[in-house]
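Asker: The primary structure of each chain is shown beneath.
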Amino acid sequence: MRKFTNMLKVMPIRADGRSKEELRELVIKAGVLKNAEGSAYVKMGNTVAVAGVYGPRELFPKFLQNPEKAHLKCRYNMAPFSTKDRKRPGQDRRSQEISKVVADALEAAIFTKEFPKVGIDIYIEILQGDAGTRCAGINAASVALADAGIPMRGLIAAVAAGKVDGDYVLDLTYNEEEKTKADIPVAYMPSMKKITLLQMDGDLSADDLKNVVNVAIKGCEKVYEAQVEALKNKYTAVL
Amino acid sequence: MMTISEGYVHELAEKGLRLDKRKFDEFRDVEIETNVIKSAEGSAQVKLGNTIVIAGIKMSVGEPFEDKPDEGVLMVGAELTPIADPDFEPGPPDIRSIEFARVVDRTVRESKMIDVKALKINEEAVWIVNVDLHVMNFDGNLIDAGNLAAVAALATAKMPKYENGKVNYDEKSGALPITAMPISVTTVKINGKLLIDPTKEEENAADARLTVSIKNDGNICSLQKGGTEGFTVEELDKMLLIAAEKQENLRAALK
Chain F
100 MRKFTNMLKV
110 MPIRADGRSK
120 EELRELVIKA
130 GVLKNAEGSA
140 YVKMGNTVAV
150 AGVYGPRELF
160 PKFLQNPEKA
170 HLKCRYNMAP
180 FSTKDRKRPG
190 QDRRSQEISK
200 VVADALEAAI
210 FTKEFPKVGI
220 DIYIEILQGD
230 AGTRCAGINA
240 ASVALADAGI
250 PMRGLIAAVA
260 AGKVDGDYVL
270 DLTYNEEEKT
280 KADIPVAYMP
290 SMKKITLLQM
300 DGDLSADDLK
310 NVVNVAIKGC
320 EKVYEAQVEA
330 LKNKYTAVL
Chain W
-4 MMTISEGYVH
6 ELAEKGLRLD
16 KRKFDEFRDV
26 EIETNVIKSA
36 EGSAQVKLGN
46 TIVIAGIKMS
56 VGEPFEDKPD
66 EGVLMVGAEL
76 TPIADPDFEP
86 GPPDIRSIEF
96 ARVVDRTVRE
106 SKMIDVKALK
116 INEEAVWIVN
126 VDLHVMNFDG
136 NLIDAGNLAA
146 VAALATAKMP
156 KYENGKVNYD
166 EKSGALPITA
176 MPISVTTVKI
186 NGKLLIDPTK
196 EEENAADARL
206 TVSIKNDGNI
216 CSLQKGGTEG
226 FTVEELDKML
236 LIAAEKQENL
246 RAALK
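Residue numbers (this note's numbering), protein chains in the order written: chain F, 100 to 338; chain W, -4 to 250.
The hints are simulated quantities; they were obtained by calculation from the structure and are not laboratory data. Please note: incorrect hints may appear among the correct ones.
A short, non-exhaustive set of chain F residues, derived as facing chain W with CB atoms under 7 Å [what the hints assert, rightly or not]:
1. Ile112
2. Arg113
3. Arg117
4. Ser118
5. Leu122
6. Gln195
7. Glu206
8. Ala207
9. Pro289
10. Lys293
11. Ile294
12. Thr295
13. Leu296
14. Leu303
15. Ala305
16. Glu320
Glycine is no exception: its CB is placed at the ideal position from the N, C-alpha and C atoms.
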């Protein structure tokens, strides 16, 4: 009995049996679509995202062309069947905001100045949603950009963390997100040690916030390894 | 596109200077005037330097959301009308106004500023509180100005009377159930330097942006990062410190 309670202290068991700082089952595959120049599939537990990248290619409408750098367009989209209640198709305000912050998070990695006037299009489709969809989308898009051969400073990895019942926990599910004091998605570029996406809503002290961000960054580093592995796998498969 | 002013803002930042001669951690002059709109249940006009935002509160009675039957509804919207800037265009809200409205919405919502449970009237009816932000003149940092306007308007709003299933806008029944006061502080990174309360020129020149919203108990209730560059953990720590210190200035202006 004593042994058992000690174990609980060391590893508070989460509903799905994970420890506090453990990622959900993570599957990443590079190059999953034929038509897109780069693509990737990411599964984080029950959240599934697929990203496709086109470009660099000629950009229309022409007034968007920027003589200094490439124009990055990102569209985050949730499939109508990806949620418990059917999601009305199309871009709502939430999707538009996420598309913007995800584009910003990814642009930090891309050498956009190498490609003046052209466009790079990133399409993210969330096929199945169980929290952390923007993070799964970033993870997929980042691998898809690399798969498309777009020069990057590094891969961007993303995962959310939060505080549940006094513990800092990584990669929340929808049920955990409901209970959390705050849900904080973080995107991080390990090669530059830079945070490229940070959002939060909830109620946390500054110290708690810093701890949650640190847990998220450690998680991003693990995701990053899986991203690299996925890219390696694609090309070793060809050889 | 790098404009002349962008290059100049970068150069100045390098030397520790700003176009309007402010310090990096200094807000522009803040003016808050409440009850500026007679037809609204609550209103405020905030001037943050040359940025002017009006917040207006309209209240009505309606059905609660299905998944939250015991709560009233609070919604924040924003309009960047062409009157405010030569670059703003009429038409459906663009991504800039959507982000603006959603960040202010999250700050007000997550701080639990309004006790939405107290907005329930009976099983079928709840109060619906609409906060609309109207930008009249744009010179950067809409989020901090808009948040301040929304908070000032909500804090001074008077609820109309609800009698025999009808809203009587001519008679007031009291203030909204206020439980917290959130303040947001936006910092931008320009050429590696951290500057608060950016003007339009500074926003255009910024590499990254972070908005930190803080409640009166010191806790953080929302964060929003913007901009196409990242920042380090050390820079995040610095921005949190700056926000904790400088929110006091805006909080003082609210009183």
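Asker: A separate judgement is required for each hint: does it hold in the structure or not?
Answerer: To see whether the hints hold, each was checked on the structure:
no. : hint   : in the structure
1   : Ile112 : 28 Å, violated
2   : Arg113 : 24 Å, violated
3   : Arg117 : 25 Å, violated
4   : Ser118 : 23 Å, violated
5   : Leu122 : 20 Å, violated
6   : Gln195 : 5 Å, holds
7   : Glu206 : 4 Å, holds
8   : Ala207 : 5 Å, holds
9   : Pro289 : 11 Å, violated
10  : Lys293 : 3 Å, holds
11  : Ile294 : 5 Å, holds
12  : Thr295 : 4 Å, holds
13  : Leu296 : 6 Å, holds
14  : Leu303 : 5 Å, holds
15  : Ala305 : 5 Å, holds
16  : Glu320 : 13 Å, violated
In terms of the numbered hints stated before, the structure departs from hints 1, 2, 3, 4, 5, 9 and 16, listed from lowest to highest.
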